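If you're matching them up, the sequences are chains A and B in order.
Taken in order, the first sequence gives residues -15 to 125; the numbers are from this note's numbering.
Taken in order, the second sequence gives residues 304 to 547; the numbers are from this note's numbering.
No lab work stands behind these hints: they were computed from the structure.
All values reported here derive from a predicted model rather than from experimental measurement.
Heads up, some of the hints might be wrong.
Claimed, not checked - Calculated lysine-lysine pairs in the DSSO-like style (CA-CA distance at most 27 Å, straight line):
hint	chain 1	residue 1	chain 2	residue 2
1	B	K521	B	K477
2	A	K100	B	K521
3	B	K330	A	K80
4	B	K330	B	K477
5	A	K100	A	K80
6	A	K100	A	K(-12)
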Amino acid sequence: MESKQRVLIVEDDRWFADICADSLSDCDVRICHDAQTAIEAIDAARPDIILLDLMLPGSNGVAFLQELRSYQDTRETPVIVCSSLRMSPAQRQGMKVFDPVFFLNKTDATPERLQKVISHQSSVTHEKVLTDDSRSSGRQT
Amino acid sequence: MQGETIDLEALLERQSRTLTAAAHELKAPLSLIRMYAARLNEEGLSDAQRQQYHNRLLFTAEQMLHLSEGLIEGYRWGQGRLPLEPVNTTLICEETCHELSTAARELNQSLIFQSPRRANIAVGHPLLLKNVLFNIIFNALKHTPARTQINVAVNRHAGQALVSVIDSGPGFEKHTIDRINRAQHDRLQAATARTGSGLGLAVARQLMQAMDGRLQLKRSPRGGYCLVTLRSSQQLTLVQGVDG
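Bound-form chain A, shown alone (with noise of 0.2 Å):
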């Protein structure tokens, strides 16, 4: 039987975080809202996908990343930015050091496309960071 697909929310805005959970039913989601309990349940857990707010509580999602990303078990974790920041092209570009990265808006969210982004994991705004080429290259575990 396939096993769930881990997901880790980070997410300061506790009711976004729960409409986001309940709307992923067919994961098992665990919820963190700010970046120190998120490393500490990535110890704990390490989930299959990462869904990140940018602007968290004592910290934001950059060094979020920074951090995720200098740890060999997550270097591969992929990214799901949920943010209601809309980032720059040059902005954008300079995530791709923390790749694999994705983005997703907030005010692109729906139910239904969070579903979608999760179980693909690809992007469905313009957003798009990394090519299929690029995603299809093979990463470590």
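Once you've looked at the hints, dock chain B against the given chain A.
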């Protein structure tokens, strides 16, 4: 003449940035409303889940209405021309806490209003003060962990009416305190940038200034500490004999 033109351009630029910041901050609750609407349309939800979505949808819409109203009123009265009157801060606190009691239960938090024995009359604007308290308390509810206790108290000291909102959460971040406490009257955008607490506190600060009052954030060993200060009213004190 050239100096006046430059000042006008700078003012328009600041207003544009402020509106951009405000529009950005309103996107998050709008996204949430859309998510709830989509989920409520799905089959297979339990009655409890449907009720939860319904309640949160209503409160999020209420939050947006308060924020929008606060923005409009803050701009309208930002130059200190707001007509002020005696307001019963005790009654307004009580009403606001009652209005948010369901949201507190939804979030598994404890919202406690410590009602004083007598009415505490201040000089302000009843609708704007209610808007301020709604934003502050709702902000505390949304951004503190479950099982947080939020205490709202009304006091009087040195000719001022004080309303404190103290939560047992992690407390405000230093940059949030700095931005809210130090932001100038017309720098709503500076106050909202990177606060993590968003528009609510910045709007509350601006409305307090319009009422010739003050909003301060403090770090407390117990958690977040938010203090609203208004001038005490002497007029009704003399007429009704309430605590002055």
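* Under the criterion that the straight-line Cα-Cα distance not exceed 27 Å, is the pair A/K100, A/K(-12) satisfied? -> Holds, at about 15 Å.
* Asked: Going straight from one Cα to the other, do B/K330 and A/K80 come out at no more than 27 Å?
  -> 25 Å, holds
* Are the Cα atoms of B/K330 and B/K477 separated by 27 Å or less? -> 25 Å, holds
* Holds or violated: A/K100 with A/K80, Cα cutoff 27 Å? -> 22 Å, holds
* Asked: Are the Cα positions of B/K521 and B/K477 separated by 27 Å at most?
  -> Holds: B/K521 and B/K477 sit about 9 Å apart, inside 27 Å.
* Asked: CA of A/K100 to CA of B/K521, is that 27 Å or under?
  -> 43 Å, violated
Hint compliance for this structure: hint 2 alone is broken.
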